[in-house]
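> Protein chains in written order, with our numbering: chain W, 1 to 299; chain Z, 1 to 130.
Some hints here could point you the wrong way.
[Claimed, not checked] Just some of the chain Z residues that point at chain W, by a computed CB distance under 10 Å: (1) Leu48; (2) Ala116; (3) Val120.
[What the hints assert, rightly or not] Restraint-style ranges between C-beta atoms, simulated for each label pair: (4) Z:Gln29 <-> W:Ala133: 30 to 40 Å; (5) W:Pro98 <-> Z:Ala35: 34 to 44 Å; (6) Z:Tyr71 <-> W:Tyr15: 34 to 44 Å.
Calculated directly from the structure, the hints in this document are not laboratory data.
The C-beta atom is built at its ideal place from N, Cα and C for all residues, glycine as well.
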Amino acid sequence: MIENMPTGVILALFYITFAVQILFASVYLPAKTLRRIDYVREHFPKEDYPNLYAGGSGSLFTKVGGARALYRRSNYIIAIIGLALLVAMYVSGFQPHPMGGSEIYVVAYFILQSLPIIILGVCEYQQLKGMRAAFSNAKRSANLAPRRLFDFVAPVWVVLAVVAFLGWVAFFAYDLGFDAPWRANHYFSLATITAVNVGYAIYIAKVALVKKHDPYKAAKDHQKQVAATVQSLVFSSTIMSVFLIMTTAADRFGFEILDPVMTSIFLQACLLFGYNMMLNMQPVDDLDFEVYKNGAAAE
Amino acid sequence: MQVTIDIESEEPLFGQLVNQIKQAVQAGQLAPGQALPSIRQLASDLSLNNKTVAKAYKLLERDGIIRTKGYRGTFVHADALKNSTVDLPALINAKLGEAVSACREAGATDSEIRIAFGEVMQLPKQGEIK
Numbered sequence: 001m002i003e004n005m006p007t008g009v010i011l012a013l014f015y016i017t018f019a020v021q022i023l024f025a026s027v028y029l030p031a032k033t034l035r036r037i038d039y040v041r042e043h044f045p046k047e048d049y050p051n052l053y054a055g056g057s058g059s060l061f062t063k064v065g066g067a068r069a070l071y072r073r074s075n076y077i078i079a080i081i082g083l084a085l086l087v088a089m090y091v092s093g094f095q096p097h098p099m100g101g102s103e104i105y106v107v108a109y110f111i112l113q114s115l116p117i118i119i120l121g122v123c124e125y126q127q128l129k130g131m132r133a134a135f136s137n138a139k140r141s142a143n144l145a146p147r148r149l150f151d152f153v154a155p156v157w158v159v160l161a162v163v164a165f166l167g168w169v170a171f172f173a174y175d176l177g178f179d180a181p182w183r184a185n186h187y188f189s190l191a192t193i194t195a196v197n198v199g200y201a202i203y204i205a206k207v208a209l210v211k212k213h214d215p216y217k218a219a220k221d222h223q224k225q226v227a228a229t230v231q232s233l234v235f236s237s238t239i240m241s242v243f244l245i246m247t248t249a250a251d252r253f254g255f256e257i258l259d260p261v262m263t264s265i266f267l268q269a270c271l272l273f274g275y276n277m278m279l280n281m282q283p284v285d286d287l288d289f290e291v292y293k294n295g296a297a298a299e
Numbered sequence: 001m002q003v004t005i006d007i008e009s010e011e012p013l014f015g016q017l018v019n020q021i022k023q024a025v026q027a028g029q030l031a032p033g034q035a036l037p038s039i040r041q042l043a044s045d046l047s048l049n050n051k052t053v054a055k056a057y058k059l060l061e062r063d064g065i066i067r068t069k070g071y072r073g074t075f076v077h078a079d080a081l082k083n084s085t086v087d088l089p090a091l092i093n094a095k096l097g098e099a100v101s102a103c104r105e106a107g108a109t110d111s112e113i114r115i116a117f118g119e120v121m122q123l124p125k126q127g128e129i130k
């Protein structure tokens, strides 16, 4: 069916998916993030909520200049580059290669789109580090119950992630042929994807469920943060396995021409169920900011 | 069930944890078999050193209030309620008081009792090889 698909349809799919990637990752998500930053700055100023502005995070909340401006401008430039690339592809009559490999453009552009997120990551790291260094609340409270995986994610999603991973391993082995000799790159692929999933599991067990990075954070907000982190990792694992099954199937059944479309959808899904879901699960107007006032008791 | 510690209190931090967990057991807020957070989780939530929480858990385990089951975690001991009512300092005072009285009745001076107490404390614990 796919091999009979008209080239025009494949091209339309590619341009639509790539355009959505540009708008979603470099326009929609940054705008959503900036609204959140501005909401915090306007409603919870440094004078009243000093503990919120620890470390180097102050520049993120500065209206003019600083990390906020860098984040906004870099996204703006990256979006323009993306749209220019899209137009250039259209004008030059670009067509995804039937034997695959054209997804490199999508991946390379996504790496560029990820750079502003690194700015946010650095600011958050500095903020949390500063908070922990400055934390001196005399009274501290904690819930006397363990945080367990299934308190934060339904078992069905974890089972689905495991089944999807095992499904990919089985399909990968079947595709290569059980009797065929495996080359180093086959072992490398298997080891890399397994290591990523093991890394997710270790992060959930040893960091997400155990550590409280923000010492001031209210207990209910911390619960939400843990849930968002755990769910995004579980969903990412499932999406990654499904994507790998799809690309293996593309190679086997000869529809590699759709690799750029599938790659773009995969990368957008990672953002949708990762960063975007984390923002949605922790609405800024629902967070308790009173804990960041001087002298507030930590939970 | 929440624990609250005050780092400016004169009572040691581990002592505050021990007392609050014992009080929670006595008040029925912690039931036998109920799971407790890991040392690392509780230390992180309270922004304390792991060793402080580990010391509190060690004392609670010694007193039969909690039980650690390897990788499965830490749980409230089945006899926690009974064990939490034991006032260990009072018990030690009573036992030592009896022994000191008996020694005095036998004619020992306080100085001799102190020297003997020091020697007894130097003896290896039961099952311990010095």
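> All the hints need checking, so say for each whether the structure fits it.
Status of each hint after checking the structure:
no. : hint                             : result
1   : Leu48                            : holds, 8 Å
2   : Ala116                           : violated, 43 Å
3   : Val120                           : violated, 38 Å
4   : Z:Gln29 <-> W:Ala133: 30 to 40 Å : holds, 34 Å
5   : W:Pro98 <-> Z:Ala35: 34 to 44 Å  : violated, 57 Å
6   : Z:Tyr71 <-> W:Tyr15: 34 to 44 Å  : violated, 52 Å
The structure does not agree with the numbered hints 2, 3, 5, 6 stated previously, though it agrees with the rest.
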